Every structure is written in C-alpha cells, then in structure tokens.
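Visitor: One letter stands for each residue in the lines below.
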Amino acid sequence: MYLNENIVPETGVTNSQSDILDTCSFGIIILDNYSRLIHWNNWVSKHSGLTLNDKKGEYFELIFPILTKTRLLNAIDDALNYRLPSTLSHKLSPHSLPLHNRQGKQVAHNIKIIPLKQPQDTYHCLIEITDVSAVVKRENQLHDISAQIRREKKWASVTLLSIADAVITTDPEGRIITVNDTAEKLTGLTRSSMQGTLIDRVCPLSQDKENLTTHPVLNCLQDRLILTDSENFQFISEQDTHYAVNLSIAPIIDSDESLLGTVMIFRDITQARNVSAQLDWQAKHDHLTGLINRREFERQLKKHLADAKKNQNTHCMMYIDLDQFKVINDTCGHGVGDKLLGQISQLLQNQLRQDDILARIGGDEFCALLPMCAIENALVIANTLRQGILEHRFVHNNKPYVLGASIGLIAINGQEQSAAEILSAADSACYAAKSAGRNRVHTHNAQGDGSAQPQELMQWFSRLQIALEEDLFVLYAQEIASIGSKKTPHYEVLVRMLDHDGSIIPPNSFIPAAERFHLMQRIDRWVLNKACDYLSVLEKKNKPLPIISINLSGTSIGDPHFLQATLDTFEEYKTPSKHICFEITETAAISNIKEALNFMTAMKKLHCKFSLDDFGSGLSSFSYLKNLPVDYLKIDGHFVKNIVSDEVDKAFVDSINKIAQIMNIETIAEFVENDEILDVLKTLGVNYAQGYGISTPQPLDSLRL
Amino acid sequence: MSNDTSILDEIHLDALGELLNIGMGAAAAALSTMVQQEVLLTVPIIRIVPSSEVASQLDDNPPNTVCGVKQSFSGEFSGDALLLFSEEKSLSLVRAVVGDSIPLEELSEMEEEAITEIGNIILNACISSLANIFNDYLDSALPEYLHEELELLFEEKESNANFVLLLRMSFNIAEQDITGYVTFIMDINSIIKVKAQINKMLGIAD
Chain A
1 MYLNENIVPE TGVTNSQSDI LDTCSFGIII LDNYSRLIHW NNWVSKHSGL
51 TLNDKKGEYF ELIFPILTKT RLLNAIDDAL NYRLPSTLSH KLSPHSLPLH
101 NRQGKQVAHN IKIIPLKQPQ DTYHCLIEIT DVSAVVKREN QLHDISAQIR
151 REKKWASVTL LSIADAVITT DPEGRIITVN DTAEKLTGLT RSSMQGTLID
201 RVCPLSQDKE NLTTHPVLNC LQDRLILTDS ENFQFISEQD THYAVNLSIA
251 PIIDSDESLL GTVMIFRDIT QARNVSAQLD WQAKHDHLTG LINRREFERQ
301 LKKHLADAKK NQNTHCMMYI DLDQFKVIND TCGHGVGDKL LGQISQLLQN
351 QLRQDDILAR IGGDEFCALL PMCAIENALV IANTLRQGIL EHRFVHNNKP
401 YVLGASIGLI AINGQEQSAA EILSAADSAC YAAKSAGRNR VHTHNAQGDG
451 SAQPQELMQW FSRLQIALEE DLFVLYAQEI ASIGSKKTPH YEVLVRMLDH
501 DGSIIPPNSF IPAAERFHLM QRIDRWVLNK ACDYLSVLEK KNKPLPIISI
551 NLSGTSIGDP HFLQATLDTF EEYKTPSKHI CFEITETAAI SNIKEALNFM
601 TAMKKLHCKF SLDDFGSGLS SFSYLKNLPV DYLKIDGHFV KNIVSDEVDK
651 AFVDSINKIA QIMNIETIAE FVENDEILDV LKTLGVNYAQ GYGISTPQPL
701 DSLRL
Chain B
1001 MSNDTSILDE IHLDALGELL NIGMGAAAAA LSTMVQQEVL LTVPIIRIVP
1051 SSEVASQLDD NPPNTVCGVK QSFSGEFSGD ALLLFSEEKS LSLVRAVVGD
1101 SIPLEELSEM EEEAITEIGN IILNACISSL ANIFNDYLDS ALPEYLHEEL
1151 ELLFEEKESN ANFVLLLRMS FNIAEQDITG YVTFIMDINS IIKVKAQINK
1201 MLGIAD
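Line by line, the protein sequences give chains A and B. For the first sequence, this note's numbering begins at 1 and goes up steadily by one. For the second sequence, this note's numbering begins at 1001 and goes up steadily by one.
One or more of the hints may lead you astray.
[What the hints assert, rightly or not] Calculated Cβ distances over 10 angstroms to all of chain A for the following chain B residues: (1) A1055; (2) D1059; (3) K1089.
[As the list claims (entries may be wrong)] Label-pair restraints from in silico Cβ distances: (4) E1149(B) x H100(A): 35 to 45 angstroms; (5) H100(A) x I1188(B): 48 to 58 angstroms; (6) R151(A) x Q1037(B): 47 to 57 angstroms; (7) K1200(B) x I66(A): 40 to 50 angstroms; (8) D1059(B) x R273(A): 48 to 58 angstroms; (9) K46(A) x K1200(B): 51 to 61 angstroms; (10) Y1145(B) x S206(A): 21 to 31 angstroms; (11) N42(A) x D1059(B): 45 to 55 angstroms; (12) H1147(B) x R151(A): 20 to 30 angstroms.
[Stated by the list, open to error] From chain A, some residues computed to sit far from chain B (all C-beta separations above 10 angstroms): (13) D19; (14) G49; (15) K56; (16) K69; (17) E210; (18) T214; (19) R299; (20) Q415; (21) G502; (22) F517; (23) D533; (24) D614; (25) K626; (26) K641.
I should point out that these hints are in silico values taken from the structure, not numbers from a laboratory. Since the structure is predicted, the reported quantities are computational estimates derived from the model, not experimental observations. Quick reminder that beta carbons are idealized off the backbone N, C-alpha and C, glycines included.
Bound conformation, chain A alone:
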C-alpha cells in the first residue's frame, strides 16, 4: 500500500540485484529517505513472516509498530537525516526487530544502519541484520563453562592458599608456577620472586645434611615417580638453616600422558620433631634431677638381664634410699628437698663410671645399674657412694644437715627371672640395710642370708595382722633409775611379740615390718591401752603409781586421730595421765613438727610428760629442743656406753646434759651397762640411768613396785 501524499520510491532494485541479495545469509533492508521500504531480501521475509510485496512502500515504523521510540528508529533517522551510521548490538538493544526462526524462536541479531547517498543529495538507508543466535548460544555455553571453571579455580586457589602445608607447582622444566602462602612463609621468599624461577634455586633441599646433586622435583620430572611423606629431606633456608621437612612430590600428567609439571608439598616438621624428642625425653626422665625414671631404668635393667643371660656377663644393681631425707623435706620445705635431691643425684653421678646408669625411681630412692661389674667392685662403689652422701654437707638457713644412705646391692648374672624381681630383691636388700641401722650397704644373697625377702616381708605383714587381732603382744618394762635423789619410779614399756609357740620375738624383728606396712599406730594404740589398763589396775589396788614411758612412732604423733584415741583411752581407764610419759624421737617430732606440737600441747594440759629419745644420734638440734615442751632428754646410748674410755663421748654427754639442765630438762642416759658408767654419769650430774647395768627389761605384769 502506498501513501498518497508521498512519492512512491522509484529507486527499486533490479531483479539480478534482488537475486544476489536473496542469496545473502543475513538480512538486508533498504529504506528511502522517508524511511519507506524499498526492498528487503528473502532472509527478512523468512524471519519476519512478512512478504516484501505486501509491505513495499510502507513506512518502516508502520511495518514494525513495535519499534516506536526505539533506538533503531532513531538510528534510521540519523542515517537518513544526518548521514550517521549506527551499530546496534544484541547486547544493548536486544530483539530490536520481531524476527523469528523456523522453530518460532526469537532471533538474536546485530544491526548496522548505513546511510546510502543518492542523487540530489538525499540519503537512503541500508539496514544490515546479522543473526547472532548461534554465537549467543555458544557464548552462553562458554559463559557457563567459564563460570564453572572460575568457581573451580577459585575453590582450588583458596584451598591451595589456605592449606597448612607449603604447596609449590612447577612447569615441566621445573620452573615455579604457583606458590601458596605457607610456601612463602617457609621459604621466606615472595610469590612473585619465586614464580618463573627454577625450583632448585629457591627451594634447595638437602638429604642428611648433604647437598643433593639433583633436586627431587627434577627427579620427579624425569622418572614421573610419586614421592610420598618422605621425612629424609631438609629444606635449606636463605640463612642456611636446615629444616626437617615432610616432603611429597607428584607429577601432574595430562590425559594424553603429557607431563604438565609437578606439585611439591612440604611441611616443617622441625617443631614436631623437637616436641616428639621432648616428649620422648620426658617419658624417660625424671624432670627434677634429669636422671632417667623408673620405667626407663626397668627397660635398661631388662636389657642388661637379657645380656647377662645371653653372654654370661655380670652386672650389678644398687637400690639407694636416703636416710633422714624426709626430715629435711618436711622441715625445710619441698623446694629445699628438691634442691637437695638435685645435689645428691649430681654427687652420685660424679662417683659413678661413664657407662653406669643412674635413675631416680621414687621420692628419695635412686637406682644405679653398673654394667660389666663384679659384685666385689660394686660393693666398693656402693660404699663410696654411701660415704659421699654421708660427707655431703647440706646447709639450709645456716643449719647443716647430715644425710645417710641405705644401699641394697645385687648382682645380675642371668639367673634372675625378671627385671621386677631384681628391683624387688635390691629393694629388700636396701630395706635390710635400713633395718640394720641405716647408713650401710647390704648385699643381696641369692641363697638367702636372713635379709628380708619379699615373701618373708609379706609373711611379717600377716603375722602382725594376726598378732594385733589375737593380742599376741606383750609389754616388758625397763627401769629408768634416778641417779641422785629418790624419785617416783619410772619405767619404759617395751613391746614384744609372742610367737605361736609362746616364744618372744624381739622388736628389731617386727618393728621395721610394722613401720613398712603402716601398722605402727595400731601397735602404739595397743601399747597405750595396755599401759593405761595397767595403771588403772594398780590404782584400784591402791598401789603407788610409777611413771610409765610409752614409745610413740612418728605416724602416731602426726595423726590427729591418734590424739583423739588417746584422749578416749584416758577417759575409758580414768588414767592418771601425769603418770604417762611419751617417748618420741627427735626425727619423728621434727618431721611432723606442727602436729607433734599439737599433740604435745594437748597432752601437756593433762600433765603428761614427754621425753626426747635417742638425742645425739640424729640432727641433735638444740634449737628444736627449745621449741618442744619436753621433760626428759634421753642421751643416745652410743655415746653413753663408751663414756668411761672415750673423752670425746664423755664431753658430748656432758655438754648435752649441761644444756638440758639449763633448759630445765632432766636427762636420761641409755645403755648404762655397768657401774663405771654410772659413776661417770653421777659426776656429770645426769639425772637418770637406764640399761642392763641397772636392770633388764621384765614383763610389765611381773613388776614389783
């Protein structure tokens, strides 16, 4: 249809031109200077669904009313009126024209608008339409794929960066491609400085401190073999420090078997190694002294026992227990005790041979293993150790402390069953040394030499239990005789055990066992009960009452329950408590000074008396004496028995006595075996004498008062 007011466009296209245009695989539209359709090619007819002949001469905006106010119409206007060409992309101006393909789908298209110069200076316009549907589809697919790859890459790179291990990848020549943060940190180099550099330049590795001829990454590029978790390599830092590393290297091989490069993963394991070495050390050593501990010692013992069995070698083992250590530990504090243990372990170590193995296996117990050592030599060494400890002067707060050591010695000659058996036998020998009076060496005898064997000890345990239950104890009494003026009779009660056949077992046989099995307090209670019973019987008979001295062990004094039990017993027997005297050793009192003072204060209120036993044998500290409310001081028998011949012992007894007298404490001399001793004591002014020279112990019940 033609519009009347306008001239019909005469500039058509010739048939041959039309044929050419129809073969084009893109759209061509030609408009006249009024934007009326002159021609379009077959492509446009096909995609618009309109026929050229129907629309020829019609205004373009009327053929496609949908185009009103679109950029396409503006562009046509620009071309016709201002000679300006335009391009419209599907990106910014999608679906400008209503074009569809055979399947009815919209055709994505780019448009070019080109002014066509005509005679008389008028301009027509050529519209070129390109179908970009296929391109758009491909672009979309690529877009999806690239988005996915980007996500995966992001994922991989974030994983790589945040991985705790150092990761470096290289190309097939060994040049670095990627470096993660940890790798930067470990190498101390920046990512940018590493990239493109050959791996062996920036990541030098050594093996067992030897520089490598070929870097393992380059090896991997050669042989394509995977290296996994190798800990044989060290990384050499810029500062030439060698770090132990856990190293893995793998070749990256494409699907066509071509080598793309390698990935190298490594981790600094120096710290882990240090920690594990430290843990290992801690597991085997005693942290206080730095000596090996019980477990490690047992391991060494096993090793040497095996050696003794296999090679008929003889080794020796010592079990060393410090005497008096507990006193120092308790009175001076654990810190001081720890310091002393350090000194002692050093002292022992210095006396031992290079190959000897010293261990601390408990509080104040040490063990020494002397490999390839005959028992005779071991005995010499043991005595050297004992002497060394005895001579060691430990000073705290200006007070010197003397230690001793009881040592059990055993030879390992391959006949022993186990390390535990050896340890136990050495322990028993040590116990025997203690029982025999401390500060000595006892050699274990496999044939049995009277030293308490474990089984024997266990037997003592059950015998003591039975004795306590069946009352198989008996009290003996020994007179403490006044040397000068006549005073209230005074007896020390001594506990004896009755055997099944009625024979008397002396205290040195069962008291160490009772101490070991913590039965002393029960024995103390038994003694106290018996003594109180005895006094109450005497009282009922209206007989004169003597003073009864009862020995108390350290555990009893230190236990508040014992205090209560004592009060209950006094209550039960209506005991005239001023006739009770408790004998405690200096060591026992000082070990539990606070509890001892509690006990003593409570008993003092009931007018009980106290005597300090064995004075002069232990610490002999007068400063403690000042603090303890004691009535009597028992001078250790070892000084007393030589008093006649030994001027030093005499002077010693004299000075103890003088100081005691000044402190208003009466003195008792032990071990007074004859009249000569008694005479000396008399001249010295000692108050009481006790011993076989005065009277022997006799059953309490048979005392004639």
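Given chain A's structure and the hints, the job is docking chain B onto it.
Guide: Leaving out everything else, chain B in the frame of chain A:
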C-alpha cells in the same frame, strides 16, 4: 601560524566545547533511553595538541593499552574520531550500562559490542556537532572497535595529520563517574577550516 597551539584560540575551543556539549545532550538522552537510567555526558576539557603528545596528555597516568571505538569521517573536513578508555574504565562503563549483576571478569566477553555501540552513539553526536559548524553534514563510516597500545594509535601515518582535538569526556552513570577521551585526528587544513567556520559563526574576522 608559527605557534602550533595557537591555531585554535581559547575562544574557538570554548565555542567548540559549547557545541559539543549540546551534541552530548542528545547522545546522553539516547544512552539514557537505551540503558533505562539517567546518563549524563559532559565535555569539561577541550584542547588541541600535537599528535605526538596525545599519549602523554591523555591522562595523569596514561594507560599502556586502550579500548575504544574509531569512526572515520569525511566531508568539509575529514579525519578519525576516536573514543578511548583505559581497559579498566571501559569495563566500568559497560558494567554501569548493563548493571551490576555480572562479575567484572565476565564483562570482557561482551565488552566489544557494547563499547562499540556506546562509542557509536557518542561519536555520532560529536561528529554531527562538528558538522553543525558548517551547517552541513559529515559522512562517516561504521564504528570499529579498538584495543591497542596507546603509542601505536597516535603514530603519525600521514605527515599532515599532526594535530589532535582532545576532549575529555565525563560519563556520569549509575552514580559513577567514568572518564573517557574523544580525539579527533585532523590535518592542518581541516583545522584551519574549522577555525574559519567558528570565526564566521562568532562574527570574527580572520
């Protein structure tokens, strides 16, 4: 005409700037319609520089490579009109035009066509503004996409094409300010014609 920079005086450049800003109004309107948000286009600075100095004068910190659109024109005077952005700025512009939803890396895929279309609109506006001086039209070719080293772009190919009319373009779109440059590479004769036309317009005797 001994002094190169004095071939167009301040007064001529002002007049040109005014004309170009009018043309920009039309281009901005076209862009606004297209992207369905307000686009403001201004030409704050217009200078004439020897082509050898374009690279150094283009920006405080001239980029090595530039993206842009080239449209050649001919008629009363002829030359090449170029719209140039740094690569980064061209991405920002496309992003501002198409919206924020597409990640920056993906924009490069569609950058070429979009930049070409935007460049076409702007350069058409510039060319018709210049044509207005002559009360005439300039014939121009279809826009071509450029992605080239800045130095190479202004290498002198013809001895007489040694002046460049340099316009700084400011795009204000989606709350962003994006700076681009439009250059007209023209020979001396074209410039003399432009100067004469402006003088005529302004009623100044040669």
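Visitor: Determine for every hint whether it applies to the structure shown.
Guide: Here is how each hint holds up against the structure:
A1055(B), annotated as away from the interface, keeps every beta carbon of chain A farther than 10 angstroms; the closest lies near 27 angstroms. No Cβ of chain A approaches the Cβ of D1059(B) within 10 angstroms, the least distance being about 26 angstroms, so the stated non-interface status holds. Taking the minimum C-beta to C-beta distance to chain A, about 18 angstroms, the non-interface status of K1089(B) holds against the 10 angstroms cut. In this structure the hint that E1149(B) and H100(A) lie 35 to 45 angstroms apart at CB holds, the actual value being about 43 angstroms.
Between H100(A) and I1188(B) the beta carbons are some 53 angstroms apart, a value that agrees with the proposed interval 48 to 58 angstroms. Checked against the given bound of 47 to 57 angstroms, the beta carbons of R151(A) and Q1037(B), roughly 30 angstroms apart, lie outside it. Evaluation of the 40 to 50 angstroms hint for K1200(B) and I66(A) yields a pass: the beta carbon distance comes to about 45 angstroms. Checking the proposed 48 to 58 angstroms range against D1059(B) and R273(A) shows it holds: the Cβ atoms sit about 57 angstroms from each other.
For K46(A) and K1200(B), the Cβ-Cβ distance of about 52 angstroms falls inside the hinted range of 51 to 61 angstroms, so the restraint holds. The beta-carbon spacing between Y1145(B) and S206(A), approximately 56 angstroms, falls outside the hinted interval of 21 to 31 angstroms. For N42(A) and D1059(B), the hinted distance range of 45 to 55 angstroms is satisfied, since their beta carbons lie about 50 angstroms from each other. Taking 20 to 30 angstroms as the suggested C-beta distance range, the pair H1147(B) and R151(A) conforms, at roughly 27 angstroms.
Non-interface status of D19(A) relative to chain B is upheld: no Cβ of that chain comes within 10 angstroms, the nearest being about 26 angstroms off. The Cβ of G49(A) lies farther than 10 angstroms from every Cβ of chain B, with a closest approach of about 27 angstroms, so its non-interface assignment holds. With a minimum CB-CB distance of about 26 angstroms to chain B, K56(A) clears the 10 angstroms threshold, and the non-interface call stands. With a closest Cβ-Cβ approach of about 8 angstroms to chain B, K69(A) is found to fall inside the 10 angstroms limit, against its non-interface label.
With 10 angstroms as the threshold on Cβ separation, the claim that E210(A) sits away from chain B holds: the shortest Cβ distance comes to roughly 48 angstroms. At the 10 angstroms boundary, the C-beta of T214(A) stays outside the reach of chain B, the nearest C-beta of that chain being 40 angstroms off. Non-interface call for R299(A) relative to chain B: holds, since the shortest CB-CB distance, roughly 64 angstroms, exceeds 10 angstroms. For Q415(A), the requirement that its beta carbon stay farther than 10 angstroms from each beta carbon of chain B is met, with the minimum near 83 angstroms.
Here G502(A) stays apart from chain B, with its beta-carbon at least about 106 angstroms from theirs, past the 10 angstroms limit. Taking the minimum C-beta to C-beta distance to chain B, about 83 angstroms, the non-interface status of F517(A) holds against the 10 angstroms cut. Distance to chain B confirms D533(A) as a non-interface residue, since its nearest Cβ pair spans about 102 angstroms, more than 10 angstroms. Annotated as non-interface, D614(A) keeps its C-beta farther than 10 angstroms from every C-beta of chain B; the closest such distance is 94 angstroms.
Once the 10 angstroms rule is applied to beta carbons, K626(A) is consistent with being away from chain B; the minimum gap is 91 angstroms. Even its closest Cβ contact with chain B, about 106 angstroms, leaves K641(A) beyond 10 angstroms, as expected for a residue assigned away from the interface.
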